[in-house]
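*Asks:* The numbers in the working numbering rise by one with no breaks, and the one at position 117 of the sequence shown is 474.
Simulated from the structure, these hints should not be mistaken for lab results. Mixed in with the good hints, there may be bad ones.
[To be verified] Straight-line Cα separation of at most 30 Å, DSSO-like style, residue types lysine-lysine; simulated pairs:
#1 582 / 619
#2 659 / 464
#3 520 / 479
#4 424 / 659
#5 537 / 617
#6 523 / 537
#7 582 / 625
#8 523 / 541
#9 537 / 659
#10 532 / 522
#11 385 / 582
#12 515 / 473
#13 415 / 540
#14 520 / 468
#15 690 / 647
#16 425 / 392
#17 582 / 526
#18 473 / 523
#19 661 / 540
#20 532 / 468
#21 392 / 690
#22 690 / 625
#23 522 / 540
#24 473 / 415
#25 700 / 408
#26 541 / 530
#27 615 / 625
#28 392 / 625
#29 392 / 617
#30 532 / 473
#31 481 / 426
#32 589 / 661
#33 690 / 661
#34 541 / 515
#35 659 / 683
#36 652 / 617
#37 425 / 412
#38 481 / 537
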Amino acid sequence: MRINSFLICTLIIFVFSTPIFAFEGNEKSEIDILKNILSTSHDFNELLSHKANNKSVKADGAVGRNKKKFTEVSTQRDSLWLLRRAIIEGDRNKVEYVIRAMEYAFKYQEKAGNFKNSLGIKRKRASSADSFFLQAYGNIYLLIEASDFRAEFLPRLKRLTPKLKKALKWLDKNKHNLYKMDKKAPNRLAFNGLAFLLNGYILGNNSYVETGERFFSEVMKMQAKEGIFLEKGGYDSSYQAVVNYNLTRALFYLQNEKLKLKISKSLKLGTEWELSRIEDSGRVKAEGNKRTGLKQEKFLGKFKDINYPEVALSLYYWGAVHNDNKVLNIADKVVGYAVRHYKSNR
358 MRINSFLICT
368 LIIFVFSTPI
378 FAFEGNEKSE
388 IDILKNILST
398 SHDFNELLSH
408 KANNKSVKAD
418 GAVGRNKKKF
428 TEVSTQRDSL
438 WLLRRAIIEG
448 DRNKVEYVIR
458 AMEYAFKYQE
468 KAGNFKNSLG
478 IKRKRASSAD
488 SFFLQAYGNI
498 YLLIEASDFR
508 AEFLPRLKRL
518 TPKLKKALKW
528 LDKNKHNLYK
538 MDKKAPNRLA
548 FNGLAFLLNG
558 YILGNNSYVE
568 TGERFFSEVM
578 KMQAKEGIFL
588 EKGGYDSSYQ
598 AVVNYNLTRA
608 LFYLQNEKLK
618 LKISKSLKLG
628 TEWELSRIED
638 SGRVKAEGNK
648 RTGLKQEKFL
658 GKFKDINYPE
668 VALSLYYWGA
678 VHNDNKVLNI
688 ADKVVGYAVR
698 HYKSNR
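Between the sequences and the hints, there should be enough to build the whole structure, so can you do that?
*Replies:* This is how it looks when you write it as structure tokens:
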């Protein structure tokens, strides 16, 4: 049977010119989405206040449990949520506190490039906490660089560059140890990927960028065909959202087009599975979760709950990039449920 050659050519052109969930064509940046998010959800900023409010950072820059005394550097990462509020609200005072949080963290850097901790954790094992902080630092730096706050605040971050170089040199030295510690937790592998990728771009170091890309390749190997990212061998609707959130953040900055396409396909499947776990009320189902929502694990003495801000933001990012109103509406429902949930548990 002869096949119409014109039809084949047309199909080939369509397939290869149509973006398959990659951030192509009418691209949207992370900062543009944040600036416009209130036009999508008036309640999102209220949900963000659960993660970051005016008391989140002390005047000296300490965040969370570091407010009483410095414990370890990863706690400083929550200032990224405060920066998102600052961008949404156009509030320079909040940005000032975010910068202080970054400066505070680097005061506790040791000569080798790692960060001190008062928890008795050995330096190599604590490299995971270093990575958690550094991924947030990289995201904060790039958001400020792209923001209206650039002229006032970016020079202060640039002054930290020598310290950042030392930190990445230390992290790179321990990258195999990081993988060994985190190989059963794709959300943590993705955080490691961001630490290398984002700061690799900031420092102009292709080796770090490539290390970050390899971490993301490992994340995708841990995805089942249903779209689930297997956390410690099972599914978890909260950590699934954290992986989706991290993959989306990578896509905003990633320059490797081949890897972007792979991550986009993976993220599509991951988002579809997460949507299947969300009820009409906006509640995220915890039933069957491996790690959260059913009193399976504790963090700082509290049972781990669903990370509603990460669920909501991952959906807003996906919906905004792909002009998917259905997903944006579901994100609104998640926000509404989460705001009610947090109010009722105060």
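*Asks:* Confirm or reject each hint.
*Replies:* Here is what the structure says about each hint:
no.	hint	verdict
1	582 / 619	14 Å, holds
2	659 / 464	29 Å, holds
3	520 / 479	20 Å, holds
4	424 / 659	18 Å, holds
5	537 / 617	25 Å, holds
6	523 / 537	22 Å, holds
7	582 / 625	12 Å, holds
8	523 / 541	28 Å, holds
9	537 / 659	26 Å, holds
10	532 / 522	15 Å, holds
11	385 / 582	28 Å, holds
12	515 / 473	22 Å, holds
13	415 / 540	35 Å, violated
14	520 / 468	10 Å, holds
15	690 / 647	24 Å, holds
16	425 / 392	33 Å, violated
17	582 / 526	36 Å, violated
18	473 / 523	14 Å, holds
19	661 / 540	20 Å, holds
20	532 / 468	18 Å, holds
21	392 / 690	20 Å, holds
22	690 / 625	20 Å, holds
23	522 / 540	25 Å, holds
24	473 / 415	19 Å, holds
25	700 / 408	13 Å, holds
26	541 / 530	21 Å, holds
27	615 / 625	16 Å, holds
28	392 / 625	24 Å, holds
29	392 / 617	24 Å, holds
30	532 / 473	18 Å, holds
31	481 / 426	22 Å, holds
32	589 / 661	15 Å, holds
33	690 / 661	21 Å, holds
34	541 / 515	35 Å, violated
35	659 / 683	34 Å, violated
36	652 / 617	36 Å, violated
37	425 / 412	13 Å, holds
38	481 / 537	11 Å, holds
In the structure shown, a violation is registered for the earlier hints numbered 13, 16, 17, 34, 35, 36, in ascending order.
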